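Let's have the full structure, built from the sequences with the hints guiding it.
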Amino acid sequence: MVLATEVVDELYRIRSERGKGFMRRVYLDHAATTAVHPQVLQTMLPYLQDQFGNPSSIYSWGREAKAAIENARAQVAALINADPAEIIFTGSGTEADNTALVGVASALGHKGRHIITSKIEHHAILHTAEDLEQKGFQVTYLPVDGDGLVDPEDLKKALTPETILVSIMFANNEIGTIEPIGQLAQIAKEHGVLFHTDAVQAVGNVPVDVKELGVDLLSLSGHKIYAPKGVGALYVRRGTKIKPFIHGGAQERKFRAGTENVPGIVGLGKAAELARLELPERRAHLIELRDYLIEGVLGSIDHVRLNGHRTCRLPGNANFSFEFVEGESLLLSLDLAGIAASSGSACTSGSLEPSHVLLAIGLPHEIAHGSLRLTLGRENTKEDIDYVLSVLPDIVNRLRAMSPLAPKGGLSCV
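The numbers in numbering that gives the first Met the number 0 rise by one with no breaks, and the one at position 287 of the sequence shown is 286.
No wet-lab data here; the hints were simulated from the structure.
Note that the structure is predicted; figures quoted are calculated from it, not measured.
Be aware that a few hints might be false.
Stated by the list, open to error - In silico EDC-like pairs for lysine to aspartate or glutamate, Cα to Cα no more than 16 Å straight-line:
| # | residue 1 | residue 2 |
| --- | --- | --- |
| 1 | 381 | 287 |
| 2 | 156 | 189 |
| 3 | 210 | 82 |
| 4 | 118 | 129 |
| 5 | 228 | 28 |
| 6 | 188 | 211 |
| 7 | 118 | 153 |
| 8 | 188 | 152 |
Right, dumping it as structure tokens:
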């Protein structure tokens with residue numbers, strides 16, 4: 000593969016020859032994080048300045064902060080059709096995932112020590128499951144098909160009398176495939192097993208109704224829906240047994256100790272309200288841009304594949320694999336062209352290993368290394384996509400020309 004440093008040197012040389020001038024900047028990594036919505040920021044500011052009280056205090060400053068938290072709890076609950084009392088605020092989506100798995104394992108470990116998840120989960124789930132294995136739990140990792148879908152029949156076969164929890168993500172953070180969560184949750188319910196879904200990528204992008212889905216626990220994160228980083232939430236269906244693993248105070252009804260991040264929680268609440276009100280328009284906008292992007296890439300570049308289900312996918316997700324191209328070099332090249340993208344989860348961006356998700360759907364290592372994830376947001380435009388389509392084919396061809404693995408004579412666009 001071409002060394003990233005060689006690519007950078009070559010691109011800087013090309014840019015120098017062309018002159019610096021104005022360069023368009025396009026952010027296409029909304030699955031990693033989103034910009035704070037202006038209305039969210041305005042809602043947060045008072046709680047970073049004058050309304051700074053500790054919500055556990057009984058005087059007026061504290062009561063004001065407590066009321067703001069409860070208002071945000073109602074806003075988050077409304078987004079997923081839950082009751083406010085079923086929402087626990089956390090420090091992130093990762094913490095919400097950990098709370099779900101560890102909390103259920105601690106509460107129900109005396110009944111059984113078997114947990115089921117899938118091979119394409121976020122590492123917040125996979126690493127927590129691995130830790131539970133070290134503590135004596137058995138974990139079954141369900142396979143997925145070539146589109147990244149879990150087969151409900153595989154779940155049925157994996158369930159045992161020892162199973163206490165099933166955790167399957169709502170939508171994959173890398174390839175965007177949306178899982179049949181309602182069907183999977185129903186299977187778990189029929190066997191008396193709790194069901195958790197990591198819905199960090201789904202909430203705010205597609206309709207999510209916890210009552211309709213029948214899930215017992217659901218994780219979400221603020222910075223994926225235009226709220227700040229450092230705040231998330233866990234839905235816990237009323238009556239679900241779960242033990243806290245952060246101790247020290249009575250906050251969040253003793254489910255999660257620690258002084259609440261009031262500004263962050265208020266921001267998450269406002270972002271949830273905006274997502275609920277704007278969801279139809281946001282979703283339609285993203286689907287239109289996504290399909291335009293997918294068709295443009297597949298129609299202009301040879302030896303490229305779309306990863307994930309073609310239609311059962313997140314509105315703003317497009318994930319491609321390019322043969323004879325190394326992913327890091329592709330990202331650096333796009334960055335030098337003013338385009339922010341990723342090759343997979345932001346949590347593993349420093350890893351040299353190919354994506355576990357792409358390997359799970361059957362891609363060989365050499366193709367999995369050449370992946371590109373482009374994820375759209377509310378502020379993206381058709382002109383942004385046109386710009387990407389104007390530079391991406393040339394970048395891919397240039398990298399292939401430098402690659403010893405590409406066929407002799409190079410590869411041209413269709």
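How the hints compare with the structure:
Taking the CA atoms of residue 381 and residue 287, the gap is near 9 Å; set against the 16 Å cutoff, the hint holds. For the given pair, residue 156 sits about 13 Å from residue 189 by alpha-carbon distance, which is consistent with the 16 Å threshold. Straight-line distance between C-alpha atoms of residue 210 and residue 82 comes to about 10 Å, which keeps the hinted pair within the 16 Å bound. For the hint pairing residue 118 with residue 129, the CA-to-CA distance comes to about 12 Å; that is within 16 Å, so the pair holds.
At most 16 Å may separate the alpha-carbon atoms for a hinted pair to count; residue 228 and residue 28 meet this at roughly 15 Å. Taking the CA atoms of residue 188 and residue 211, the gap is about 13 Å. The hint holds against a cut of 16 Å. Note on residue 118 and residue 153: the hinted pairing holds, with a Cα-Cα distance of about 12 Å set against a maximum of 16 Å. The hinted pair formed by residue 188 and residue 152 meets the criterion: a straight-line CA distance of about 15 Å does not exceed 16 Å.
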